[in-house]
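> One-letter residues, chain by chain:
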Amino acid sequence: MNYFWERRGEILACTGQHLVLVAVSTAVAVAVGLPLGIWLTRHPRLARPVLGLAGVVQTIPSLALFGFLIPLPLLGGIGARTAIVALIVYALLPILRNTHAGILSVDPAVVEAATGLGLTDFQRLRWVELPLAMPVVLAGVRIATVIAIGLATIAAAIGAGGLGVLIYRGIAIVDNRLIFAGAVPAAILALAADGLLGWLGRRWPGGRAAEGRAPA
Amino acid sequence: MGPSGCGKTTALRLVNRLLEADAGSVRVFGRDVREEDPVGLRRRIGYVIQEGGLFPHWSVANNIEIVPRLLGWTPQRRRARSEELLAMVNLPYGEFAGRSPRELSGGQRQRVGVARALAGDPSLVLMDEPFGALDPIARRALQREFSGWKSRIGKAVLLVTHDLEEAFRLADRVAVMQAGRIRQVGARSEILDRPADDFVREFTAGNLDPGERPSGRGNPRPA
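Read top to bottom, the protein sequences are chains W and C.
Counted from 1, the first sequence has number 169 at position 169 by the working numbering; the numbering is strictly sequential.
Counted from 1, the second sequence has number 176 at position 176 by the working numbering; the numbering is strictly sequential.
I should point out that these hints are in silico values taken from the structure, not numbers from a laboratory.
Think of the CB as a built atom: it goes at the ideal place given N, C-alpha and C, for glycine as much as any other residue.
It cannot be assumed that every hint is accurate.
Partial chain C-side listing against chain W, Cβ under 7 Å, derived [claimed, not checked]: (1) S4; (2) L14; (3) V15; (4) L18; (5) V33; (6) D37; (7) R42; (8) G53; (9) F55; (10) W73; (11) R181; (12) V185.
Quick list of the computed label-pair ranges, beta carbon to beta carbon [what the hints assert, rightly or not]: (13) A64/W with P75/C: 52 to 62 Å; (14) G72/C with H43/W: 48 to 58 Å; (15) G159/W with P75/C: 31 to 41 Å; (16) P44/W with S25/C: 38 to 48 Å; (17) V26/C with F122/W: 43 to 53 Å; (18) I173/W with R102/C: 21 to 31 Å; (19) E103/C with A192/W: 27 to 37 Å; (20) F29/C with V56/W: 32 to 42 Å; (21) R77/C with L196/W: 34 to 44 Å; (22) G52/W with G106/C: 34 to 44 Å; (23) R126/W with E36/C: 52 to 62 Å; (24) S123/C with H43/W: 48 to 58 Å; (25) H43/W with A156/C: 54 to 64 Å; (26) R126/W with S123/C: 23 to 33 Å.
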């Protein structure tokens, strides 16, 4: 413990960098994946190829993807930007897939009633489909966040900082304590994010339905 | 009315433009529906489906007030309307308005579905097998009440059913459909006494309880 306490400044700094990497990439993945997932529900013919492509990209080993990105202009290079691009790629699929599946899982009778009563496309999406799909969408965000927290440790390999820095250094000098100094906070972050987003997801359907809230 | 797959639901969905006609036209109160904005058209036509299709994340009152909300009614007017309609369908406002659809029985959900369809004061209401998913007891109860609602609200109702008894019990005029075509339109007595063709004769004969047959014991209900 003493060892960790002496290095608290460094550990905190790395944790901060780690959080920035994860937060930025997950936020962008939501900003892209949510609308794209919705759009795919309106264009079912494109859903299969797009989801398939996203699934294939997901299978590229993360270290290899970081490597592929380095020589690219704009997106690539050494540093946090490249790492964020790679993390977005990995966070995108769960969000995209869950948004798409969540909206399609809404009871067709409810969608039919909403349309038949005269809701516009956007009203139906905003008031009916998205709220009902939200637990599934949030589950996707949760998976994406946990994946990003884990993968962000590898981002240190291309100089993006984060808790991976401690782990790589620990490996290099064969010091398990240093490896733990990176790995333990990363694990705690992952568990905390998982718990928080899981709690949000559980709270969503029951709580909202009981209140029976409608848009003002 | 007609057997499964004869095009009843398709015909109904053409009216509020959930489907578009490939040929021909649909007129509602003299106006071709294709010349109207589908969203506005649907807000002026009530719609009830078999499964109810209530929004499960909204309370009963919010479900009923959706069309008034879309039409921009004031909260007071919406509230008054949902109180009135819940009273009509025998669900006291104080007890049911705040409930979630999950806390209702199948029959209660369909009552709310009917109230929701009427909320915007439409001049025409479409009902697609509104009582089809209910158990026989709940179905009979709603069928009995339906006649009362119909006379009270004074609206045209276009109801689809595969159940001949239901059709004759609820409707003033019945159209018998088969394979996408209307075989006969008329009141109960016309269809039973003077079937237009063999299909109508067999369909009506095979579908009725003995007590409902034209030659059966008296007391034919006015259809």
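> All the hints need checking, so say for each whether the structure fits it.
Outcome of the hint check:
About 18 Å separates the beta-carbon of S4/C from the nearest beta-carbon of chain W, more than 7 Å, and the hint is not met. Interface hint status for L14/C: violated, as the beta-carbon distance to the closest one in chain W is roughly 12 Å, over 7 Å. The interface hint given for V15/C is broken, as the beta carbon of that residue sits about 10 Å from the closest beta carbon of chain W, more than 7 Å. Because the smallest distance between the Cβ of L18/C and any Cβ of chain W comes to about 6 Å, under 7 Å, the interface hint for this residue holds.
Below 7 Å, beta-carbon pairs count as interface contacts, and V33/C has none with chain W, the closest being about 13 Å; its hint is therefore violated. The beta carbon of D37/C comes no nearer than 10 Å to any beta carbon in chain W, farther than 7 Å, and the hint placing it at the interface is violated. Contact between R42/C and chain W, as hinted, is supported at the beta carbon level, the nearest pair being about 4 Å apart and thus within 7 Å. The interface hint given for G53/C holds, since its Cβ lies 3 Å from the closest Cβ of chain W, which is under the 7 Å cut-off.
Using the Cβ-Cβ criterion of 7 Å, the hint placing F55/C at the interface with chain W is satisfied: the shortest such distance is roughly 6 Å. The beta carbon of W73/C is not positioned within 7 Å of any beta carbon in chain W (closest approach about 13 Å), and the interface hint is therefore violated. The beta carbon of R181/C comes no nearer than 25 Å to any beta carbon in chain W, farther than 7 Å, and the hint placing it at the interface is violated. For the restraint placing V185/C at the interface with chain W, the shortest Cβ-Cβ distance is roughly 24 Å, beyond the 7 Å limit, so the hint is violated.
Checking the proposed 52 to 62 Å range against A64/W and P75/C shows it holds: the Cβ atoms sit about 59 Å from each other. Hint check: G72/C to H43/W, Cβ distance near 32 Å, so the stated range 48 to 58 Å is violated. A hinted range of 31 to 41 Å for the beta carbons of G159/W and P75/C is inconsistent with their spacing of about 58 Å. Judged by the Cβ atoms, the range 38 to 48 Å given for P44/W and S25/C is violated: they are separated by roughly 29 Å.
A hinted range of 43 to 53 Å for the beta carbons of V26/C and F122/W is inconsistent with their spacing of about 26 Å. For I173/W and R102/C, the Cβ-Cβ distance of about 59 Å falls outside the hinted range of 21 to 31 Å, so the restraint is violated. Evaluation of the 27 to 37 Å hint for E103/C and A192/W yields a pass: the beta carbon distance comes to about 35 Å. The hint said 32 to 42 Å for the Cβ distance between F29/C and V56/W, and at roughly 55 Å that hint is violated.
Here the CB-CB span from R77/C to L196/W is close to 42 Å, well matched to the stated 34 to 44 Å. Judged by the Cβ atoms, the range 34 to 44 Å given for G52/W and G106/C holds: they are separated by roughly 40 Å. The beta-carbon spacing between R126/W and E36/C, approximately 24 Å, falls outside the hinted interval of 52 to 62 Å. Between S123/C and H43/W the beta carbon distance is about 36 Å. The supplied range of 48 to 58 Å is therefore violated.
The hinted range of 54 to 64 Å is not satisfied by H43/W and A156/C, whose Cβ atoms lie roughly 37 Å apart. At about 28 Å, the CB distance of R126/W to S123/C agrees with the hint of 23 to 33 Å.
Checked against the numbered hints above, the structure breaks hints 1, 2, 3, 5, 6, 10, 11, 12, 14, 15, 16, 17, 18, 20, 23, 24 and 25 and satisfies the rest.
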